[in-house]
Amino acid sequence: MHQCIYPIMTYFRGVWCIMEKLVPAKDRLLKSNKNWLDGELRGKILVILCAVIMISATISITIFLGTKGLQSFIKNGVSLIEFITSTQWNPTNQAKPEYGALPFIFGSFAVTFLAAIVAAPLGIGGAIFMTEIAPSWGKKILQPVIELLVGIPSVVYGFIGLTVLVPFIREQVGGLGFSLLSGTIVLSIMILPTVTTIATDAMSSLSKNLREGSYALGATRWQTIRKVLIPAALPTLLTAIVLGMARAFGEALAVQMVIGNVRDIPTSILDASATLTTIITLNMGHTTYGSVENNTLWSMGLILLIMSFAFILLIRYLSSRRKM
Amino acid sequence: MKSFKKISLALILAALMVFVAACGGGTTTNKKDGTSNKENKTAELSGSLSVSGSSAMQPLVAAAAEEFMAKNPKVDIQVNAGGSGTGLSQVAEGSVQIGNSDVFAEEKEGIPADQLVDHKVAVVGMTAAVNPKVGIKDIKKADLIKVFTGKITNWKELGGADQKIVLVNRPDSSGTRAIFNKFALDGATPAEGITEDSSNTVKKIINETEGAVGYLAFSYFTDETVTPLAIDGVEPTAENVQSGKFPVWAYQHSYTKGEATDLAKVFLDYLMSDDIQNTLLKEQGYLPVTKMKVERDAKGNQKDL
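Chains A and B are the protein sequences, given in the same order. Residue numbering for the first sequence follows my numbering, starting at 1 and increasing by one per position. Residue numbering for the second sequence follows my numbering, starting at 1001 and increasing by one per position.
Do not take every clue at face value.
Here are the computed lysine-lysine pairs in the DSS-like style, where the Cα-Cα straight-line distance is at most 30 Å [stated by the list, open to error]:
#, chain 1, residue 1, chain 2, residue 2
1, A, Lys-96, B, Lys-1151
2, B, Lys-1156, B, Lys-1204
3, B, Lys-1182, B, Lys-1282
4, B, Lys-1282, B, Lys-1074
5, B, Lys-1182, B, Lys-1164
6, B, Lys-1141, B, Lys-1257
7, B, Lys-1146, A, Lys-96
8, B, Lys-1299, A, Lys-75
9, B, Lys-1151, A, Lys-68
10, B, Lys-1133, B, Lys-1245
11, B, Lys-1245, B, Lys-1182
12, B, Lys-1299, A, Lys-96
13, B, Lys-1265, B, Lys-1074
14, A, Lys-75, B, Lys-1257
15, A, Lys-96, B, Lys-1137
16, B, Lys-1071, B, Lys-1265
17, B, Lys-1204, B, Lys-1146
18, A, Lys-227, A, Lys-139
19, B, Lys-1282, B, Lys-1299
20, B, Lys-1299, B, Lys-1120
21, B, Lys-1204, B, Lys-1141
22, A, Lys-75, B, Lys-1137
23, B, Lys-1151, B, Lys-1245
24, B, Lys-1182, B, Lys-1257
25, B, Lys-1257, B, Lys-1120
26, B, Lys-1182, B, Lys-1137
27, B, Lys-1182, A, Lys-96
28, B, Lys-1071, B, Lys-1204
29, A, Lys-96, B, Lys-1133
30, B, Lys-1282, B, Lys-1140
Short, incomplete list of chain A residues facing chain B, as computed with Cβ under 8 Å [as the list claims (entries may be wrong)]:
#, residue
31, Phe-73
32, Gln-88
33, Thr-92
34, Asn-93
35, Gln-172
36, Gly-174
37, Gly-260
38, Asp-264
39, Ala-272
40, Gly-285
Hints listed in this document are in silico derivations from the structure and should not be mistaken for laboratory results. From a predicted model like this one, the values you see are computed outputs, not experimental measurements. The beta carbon of each residue, even a glycine, is placed where N, CA and C say it ideally should be.
All chains, please: the whole structure from these sequences, using the hints.
Below is the structure:
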């Protein structure tokens, strides 16, 4: 009975072990060692495979978008300078096609920054409420509410914007209703969960010493929040805003439904406008593969990709500051 | 608890297996049917057909496909909408058998039009539509051009209400826009305005916005929410389009790569049958191509039949 290969197992399942053959210690160890390696190796291969798939997906999308996006400049001879500085967009004009995407680039940036300006105070305020003011019941209510906002599909945001927000702005504020303002409001609600969630993490990960030290110096709660906690969490709070902006920059469907898609640079917040994403979604289906129009749409996609890289670099820079 | 988890896992796995098996089985039989179809045409039709393209045509072709499949239960027809450009590109590269388009393939850049065979399955008429409060029902073509190019900015200049004109356009590459620009605006480039792709959204905006003007296919004039405009006194009716009096209309094309074969041919013939041309087309708001007294080529030249 005690000659069994797995002495510990004998203790638990005595009867079973009588059946086992006696195996020399050397073989036993080698075998189990090999088994151990097998499991280890398999796990390693599995996770490496996952990583490789993700990396190769990103790289191949980048390469694909890069080659497609550059074709309009290389093959079709569209001038890059014209593309990013001209305001005249007229790709279907047979005699004199014009490819100035500046109004869309401007529209994308305008709507993104305005949405960030609206969403940042709201999101950070909500985060402070959840972590500092009412950590118990506040978090219980606000957390599910925020999570619910994430779950609403963007087409629903757009549809609500089109049926409720656009007529409301037309009647109460003025203009056509289809405007930068409508796009901003819809987008800011959409990026609110991103900003709030990351800001909450930032605030709650702050060391307790900071709060206690501040209170010990006689600071009130508001003074502590304003002078100690917000500056301490600032890099992460900025990351939260930038991540929100990255989402706003790429959003297409909801914005397209409320922004009006006008190819002029807006002069006021009540003017209709267009963004890179809305022009892509409006025109992609109608253009044929390989045509200049189609290629310029890819170029806009490339600009979106470059911008999202820029946002990531900014986030990297901000988080490197946080570590120091 | 633990055993419950195990059982549920087993159940999920079983369900998944049944699903996978069913799906896998389906595709293999389809392929088999597709090949046997060639040998025996007179027998019951079977196989699968994929159609893609113009979103304006999608409801029509999908409805026809449904009726076709009800009559030939072994046939599977997939109708996708993706836009005319997508349809033409996909049929040219052979990834679908039929590509729908609301413009001639010759008008689209980068499409080998000489390899594609055109089947004109329907005609759609379209006209300018205004918000009912504008108070105009008839417009001269010259005035329509001025409205859309931004030279007239208030409806009162045309005898309507004192309302600012708000343009509702389609995207640059849209077939509807191309046809309207060509035949209603005589090729003029419209001024900037709100741009929407979907006809339903355009209709909604025209209905809700004071002084709005856009363009829609006849099939969208089913209620009083928008007012269709007569152009130069010619009412936008099916009869006027068929006789060639009303200029703004377009063919709905189904393209195949080379001559249509097998199932694609049978289905296209079915689309051209009286069954579809005289009933389904009308229900969907299209005009039968078989009743046209005029015809038009890719360059826009019109001649009597």
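Consistency of the hints with the structure:
no. : hint                    : verdict
1   : A:Lys-96 / B:Lys-1151   : 21 Å, holds
2   : B:Lys-1156 / B:Lys-1204 : 23 Å, holds
3   : B:Lys-1182 / B:Lys-1282 : 25 Å, holds
4   : B:Lys-1282 / B:Lys-1074 : 27 Å, holds
5   : B:Lys-1182 / B:Lys-1164 : 25 Å, holds
6   : B:Lys-1141 / B:Lys-1257 : 38 Å, violated
7   : B:Lys-1146 / A:Lys-96   : 21 Å, holds
8   : B:Lys-1299 / A:Lys-75   : 27 Å, holds
9   : B:Lys-1151 / A:Lys-68   : 39 Å, violated
10  : B:Lys-1133 / B:Lys-1245 : 27 Å, holds
11  : B:Lys-1245 / B:Lys-1182 : 16 Å, holds
12  : B:Lys-1299 / A:Lys-96   : 19 Å, holds
13  : B:Lys-1265 / B:Lys-1074 : 16 Å, holds
14  : A:Lys-75 / B:Lys-1257   : 27 Å, holds
15  : A:Lys-96 / B:Lys-1137   : 35 Å, violated
16  : B:Lys-1071 / B:Lys-1265 : 16 Å, holds
17  : B:Lys-1204 / B:Lys-1146 : 24 Å, holds
18  : A:Lys-227 / A:Lys-139   : 23 Å, holds
19  : B:Lys-1282 / B:Lys-1299 : 27 Å, holds
20  : B:Lys-1299 / B:Lys-1120 : 15 Å, holds
21  : B:Lys-1204 / B:Lys-1141 : 25 Å, holds
22  : A:Lys-75 / B:Lys-1137   : 48 Å, violated
23  : B:Lys-1151 / B:Lys-1245 : 27 Å, holds
24  : B:Lys-1182 / B:Lys-1257 : 27 Å, holds
25  : B:Lys-1257 / B:Lys-1120 : 14 Å, holds
26  : B:Lys-1182 / B:Lys-1137 : 22 Å, holds
27  : B:Lys-1182 / A:Lys-96   : 16 Å, holds
28  : B:Lys-1071 / B:Lys-1204 : 37 Å, violated
29  : A:Lys-96 / B:Lys-1133   : 38 Å, violated
30  : B:Lys-1282 / B:Lys-1140 : 28 Å, holds
31  : Phe-73                  : 17 Å, violated
32  : Gln-88                  : 11 Å, violated
33  : Thr-92                  : 5 Å, holds
34  : Asn-93                  : 6 Å, holds
35  : Gln-172                 : 14 Å, violated
36  : Gly-174                 : 12 Å, violated
37  : Gly-260                 : 5 Å, holds
38  : Asp-264                 : 5 Å, holds
39  : Ala-272                 : 6 Å, holds
40  : Gly-285                 : 2 Å, holds
Hint violations for this structure: numbers 6, 9, 15, 22, 28, 29, 31, 32, 35, 36, all remaining hints satisfied.
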